[in-house]
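Colleague: Chain by chain, the residues:
Number of protein chains: 2
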Amino acid sequence: MTELAKLSAADRATLTQELERRYDAFKAQGLKLDMTRGKPSAEQLELASKLTVALSAEDYKASDGTDARNYGGLDGLPEMKAIFAEMLGAPAAQVVVGGASSLQMMHDTVVRALLHGVPGSKEAWGKTKIKFICPSPGYDRHFAICEHHGIEMLVVGLNDDGPDMAEVERLVASDPAIRGMWCVPKYSNPTGTTYSAEVVRRLAAMKAAAPDFRLFWDNAYAVHDLYAETDALANVLTACAEAGNPDRAIVFGSTSKISFAGAGVAALASSPANIADVKKHSAIQTIGPDKMNQLRHVRFFKDYAGLVSHMKKHAELLRPKFEAVTEIFARDLGDQGVAAWTKPHGGYFVSLDTLDGCASEVVRLADVAGVKLTAAGATFPYGKDPRDRNIRIAPSMPPLAQVRAAMDVVTVCVLLASLRKLGI
Amino acid sequence: MTELAKLSAADRATLTQELERRYDAFKAQGLKLDMTRGKPSAEQLELASKLTVALSAEDYKASDGTDARNYGGLDGLPEMKAIFAEMLGAPAAQVVVGGASSLQMMHDTVVRALLHGVPGSKEAWGKTKIKFICPSPGYDRHFAICEHHGIEMLVVGLNDDGPDMAEVERLVASDPAIRGMWCVPKYSNPTGTTYSAEVVRRLAAMKAAAPDFRLFWDNAYAVHDLYAETDALANVLTACAEAGNPDRAIVFGSTSKISFAGAGVAALASSPANIADVKKHSAIQTIGPDKMNQLRHVRFFKDYAGLVSHMKKHAELLRPKFEAVTEIFARDLGDQGVAAWTKPHGGYFVSLDTLDGCASEVVRLADVAGVKLTAAGATFPYGKDPRDRNIRIAPSMPPLAQVRAAMDVVTVCVLLASLRKLGI
Chain F
17 MTELAKLSAA DRATLTQELE RRYDAFKAQG LKLDMTRGKP SAEQLELASK
67 LTVALSAEDY KASDGTDARN YGGLDGLPEM KAIFAEMLGA PAAQVVVGGA
117 SSLQMMHDTV VRALLHGVPG SKEAWGKTKI KFICPSPGYD RHFAICEHHG
167 IEMLVVGLND DGPDMAEVER LVASDPAIRG MWCVPKYSNP TGTTYSAEVV
217 RRLAAMKAAA PDFRLFWDNA YAVHDLYAET DALANVLTAC AEAGNPDRAI
267 VFGSTSKISF AGAGVAALAS SPANIADVKK HSAIQTIGPD KMNQLRHVRF
317 FKDYAGLVSH MKKHAELLRP KFEAVTEIFA RDLGDQGVAA WTKPHGGYFV
367 SLDTLDGCAS EVVRLADVAG VKLTAAGATF PYGKDPRDRN IRIAPSMPPL
417 AQVRAAMDVV TVCVLLASLR KLGI
Chain U
17 MTELAKLSAA DRATLTQELE RRYDAFKAQG LKLDMTRGKP SAEQLELASK
67 LTVALSAEDY KASDGTDARN YGGLDGLPEM KAIFAEMLGA PAAQVVVGGA
117 SSLQMMHDTV VRALLHGVPG SKEAWGKTKI KFICPSPGYD RHFAICEHHG
167 IEMLVVGLND DGPDMAEVER LVASDPAIRG MWCVPKYSNP TGTTYSAEVV
217 RRLAAMKAAA PDFRLFWDNA YAVHDLYAET DALANVLTAC AEAGNPDRAI
267 VFGSTSKISF AGAGVAALAS SPANIADVKK HSAIQTIGPD KMNQLRHVRF
317 FKDYAGLVSH MKKHAELLRP KFEAVTEIFA RDLGDQGVAA WTKPHGGYFV
367 SLDTLDGCAS EVVRLADVAG VKLTAAGATF PYGKDPRDRN IRIAPSMPPL
417 AQVRAAMDVV TVCVLLASLR KLGI
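Residue numbers (the numbering used here), protein chains in the order written: chain F, 17 to 440; chain U, 17 to 440.
Worth double-checking, as some hints may not be accurate.
A pair holds if it fits inside one copy or across any two, identical chains being indistinguishable in the list.
Unchecked claim - Dumping the calculated DSSO-like pairs for lysine-lysine here, alpha-carbon to alpha-carbon at most 30 Å:
| id | residue 1 | residue 2 |
| --- | --- | --- |
| 1 | Lys48 | Lys77 |
| 2 | Lys223 | Lys145 |
| 3 | Lys388 | Lys318 |
| 4 | Lys400 | Lys295 |
| 5 | Lys400 | Lys296 |
| 6 | Lys296 | Lys48 |
| 7 | Lys223 | Lys329 |
| 8 | Lys329 | Lys359 |
| 9 | Lys147 | Lys400 |
| 10 | Lys388 | Lys296 |
| 11 | Lys295 | Lys388 |
| 12 | Lys77 | Lys388 |
| 13 | Lys296 | Lys223 |
| 14 | Lys329 | Lys48 |
| 15 | Lys143 | Lys296 |
| 16 | Lys295 | Lys48 |
| 17 | Lys143 | Lys43 |
| 18 | Lys48 | Lys437 |
| 19 | Lys147 | Lys296 |
| 20 | Lys359 | Lys22 |
| 21 | Lys66 | Lys77 |
| 22 | Lys318 | Lys328 |
| 23 | Lys400 | Lys388 |
| 24 | Lys388 | Lys359 |
| 25 | Lys48 | Lys138 |
| 26 | Lys318 | Lys66 |
No lab work stands behind these hints: they were computed from the structure.
For reference, chain F alone in the conformation it holds in the complex:
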């Protein structure tokens, strides 16, 4: 096949007829396929089924003698902190373990800053109109936190090596209202981008007009590699400290996509000043997180090496699904000049770019044919993709056969929408 745009009018009409026939055939199948959210599959959850029974009825004492059943332990059990220290790249003393959700830790960190500021703030962030930098496409739930709390979002492009740094540096240096920036620095949601060492260095070192500017460093996919050869991510806390901005980054992570998505353990890591601040606030919010679940995780994974090794089993389940997506995209869209997509080395998503102005139509067509995709625009602040071209494909949850079936539909939808856009 040649590029769609180069086909003769007659050939385009023939192709359209053929695609419409295939599309109608999909519709007739009454498919019900859901490719919307980055949830682990039942098979992935099974990998950790022994987590549920990792503790005996008599096993509740942590290494420091803490009774994990009782109150207390605001920042986590020592052995759980040790695992997150390696995952997040900080000394254990600079780790705070939370409940089951790193999203909640990010949300609450933003809320505390709105009400009280952070170390270095002149006043609570909520006293004035503030802004966050949002590399896009990005994670919809990050953007939802900003939108919900009235934080203005500034879209910055995401290149192959991370955010468009010239633009980030220009904005952050010039506007003191910019207090934060969302970053998914490894296998970014949805593009799979890993920030280069140079991008990390520049983020750590750049001049900020606001003395209390913060990087919200959501290292959600720290150990979520699909291949033996993994993307390397520079340590942002070290980079910030070396650049003389030790309090700039707050790093978040969890075991949600390692053990159980809804019953894992989350943590954050940062500078001593930020950690002291987090503890001061969280001591008011809670007596402490669930330490039994921490102990359960420690017994199951044993240590960080055990956790990393566990991720290889996830990769074996996920890799065929990711490769099915990119293989079908290459097969059906490879020479058409109407789409581009990522081939990530890890994470949970494939990012598909259509021709400008086609993404919503593709999602609509797929939905009518029984394939639910993440809403077009969801990967941009306010749900508005300025070019209406990005679609997030989440292949993790459905069985492989369903992923293939869904992608067969999606490519037909992409071609149909493209032909209509080009004018058949």
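With chain F fixed as given, assemble chain U onto it according to the hints.
Modeller: What follows is chain U alone, placed relative to chain F:
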């Protein structure tokens, strides 16, 4: 013995010498007794030891088919909601299950109101200086939330049937800055007071200058009875609805002092409008709480009746400790005219009132003799007991012999401080 104040100067001097001799003997023992916090004892935690192993590796499906391991389930599993519906006195549809900490649900409810207001608010509570009514003595962590977030606290006295309602009604009707009131309506911390039906009715029906006034109804001790004959608490949600103030009360509870203090399940219940508001905000904060721990609790308790029946075992462990405290107080302080104390039917505390101006000195003396008590003043807003007389005794955690040993010390300290106050 007769009242201390009626003793002759000579008798008082003799008694003081005798008490000082006993006090020095205690000091010489090198005691290390901690009566500070309302934590369950190891024996109480053992009662739920099978909770840890209540789930098999294959047990993760809720009654509605939800995989409790995966993401989702913002308001809780149906069977967990059913248990809290009975505990908190609301239809299951008006229950939101949270993580392990009801304190966190209360804190976050206050924070959401500060940033966004509640149904009926003209603006976010944080836009202006606001105030909460704080019946005192009360729970220090409630007061800490207010102090931390700059909410002014108005102290109102606590009578045998609940807060001084004439004063509450006068304040709430006259000051629109009063937006909230902390209530521990059953076996109140620390006095053991249960609000009468008439007090609940008046709280529900009273005129409020602020249209968005809220009762933060911390029913922490809903099923925490020491005796077969229990205090009855009227349903505040029903009372509010009947009084035409359906959105006035938000009820909180947890299994913290039922299963594991640090690894239980918390929930809130309120009107449909408040529940919709809570869900709207918490959908931004988290993908959902730990449903595996909910399922674990459901399997262990089976249903609400199972949970209530479990509490009888707690009562058997706690009752002797509470009775030891009040028995030693009666033995040593009964006729002295220098102290009054509560004899609660449930909850976690005995409240001791000394002569005015003696509480800090008693706590200091006890500390020197190796008995740690909750800091004097802790049961009042800003840590300031205006009469310096209230001491919270927490007998749950130490073994019975230690409770007795500690109380032997405390009564000597009370008598010594009283004699010095009266002028020996």
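Colleague: Now, for every hint given, state plainly whether the structure supports it.
Modeller: Here is what the structure says about each hint:
no.: 1; hint: Lys48 <-> Lys77; in the structure: between (47 Å within a copy, 22 Å between copies)
no.: 2; hint: Lys223 <-> Lys145; in the structure: within (21 Å within a copy, 36 Å between copies)
no.: 3; hint: Lys388 <-> Lys318; in the structure: neither (39 Å within a copy, 37 Å between copies)
no.: 4; hint: Lys400 <-> Lys295; in the structure: between (36 Å within a copy, 24 Å between copies)
no.: 5; hint: Lys400 <-> Lys296; in the structure: between (37 Å within a copy, 21 Å between copies)
no.: 6; hint: Lys296 <-> Lys48; in the structure: between (48 Å within a copy, 28 Å between copies)
no.: 7; hint: Lys223 <-> Lys329; in the structure: neither (42 Å within a copy, 62 Å between copies)
no.: 8; hint: Lys329 <-> Lys359; in the structure: within (20 Å within a copy, 59 Å between copies)
no.: 9; hint: Lys147 <-> Lys400; in the structure: within (17 Å within a copy, 40 Å between copies)
no.: 10; hint: Lys388 <-> Lys296; in the structure: between (44 Å within a copy, 24 Å between copies)
no.: 11; hint: Lys295 <-> Lys388; in the structure: between (41 Å within a copy, 24 Å between copies)
no.: 12; hint: Lys77 <-> Lys388; in the structure: between (46 Å within a copy, 24 Å between copies)
no.: 13; hint: Lys296 <-> Lys223; in the structure: within (28 Å within a copy, 37 Å between copies)
no.: 14; hint: Lys329 <-> Lys48; in the structure: within (28 Å within a copy, 50 Å between copies)
no.: 15; hint: Lys143 <-> Lys296; in the structure: both (21 Å within a copy, 23 Å between copies)
no.: 16; hint: Lys295 <-> Lys48; in the structure: between (46 Å within a copy, 28 Å between copies)
no.: 17; hint: Lys143 <-> Lys43; in the structure: neither (53 Å within a copy, 53 Å between copies)
no.: 18; hint: Lys48 <-> Lys437; in the structure: within (27 Å within a copy, 80 Å between copies)
no.: 19; hint: Lys147 <-> Lys296; in the structure: both (25 Å within a copy, 22 Å between copies)
no.: 20; hint: Lys359 <-> Lys22; in the structure: within (26 Å within a copy, 90 Å between copies)
no.: 21; hint: Lys66 <-> Lys77; in the structure: both (19 Å within a copy, 15 Å between copies)
no.: 22; hint: Lys318 <-> Lys328; in the structure: within (16 Å within a copy, 38 Å between copies)
no.: 23; hint: Lys400 <-> Lys388; in the structure: within (19 Å within a copy, 59 Å between copies)
no.: 24; hint: Lys388 <-> Lys359; in the structure: within (21 Å within a copy, 62 Å between copies)
no.: 25; hint: Lys48 <-> Lys138; in the structure: neither (53 Å within a copy, 44 Å between copies)
no.: 26; hint: Lys318 <-> Lys66; in the structure: both (13 Å within a copy, 23 Å between copies)
Comparing the model with each earlier hint shows violations of hints 3, 7, 17, 25; every other hint is respected.
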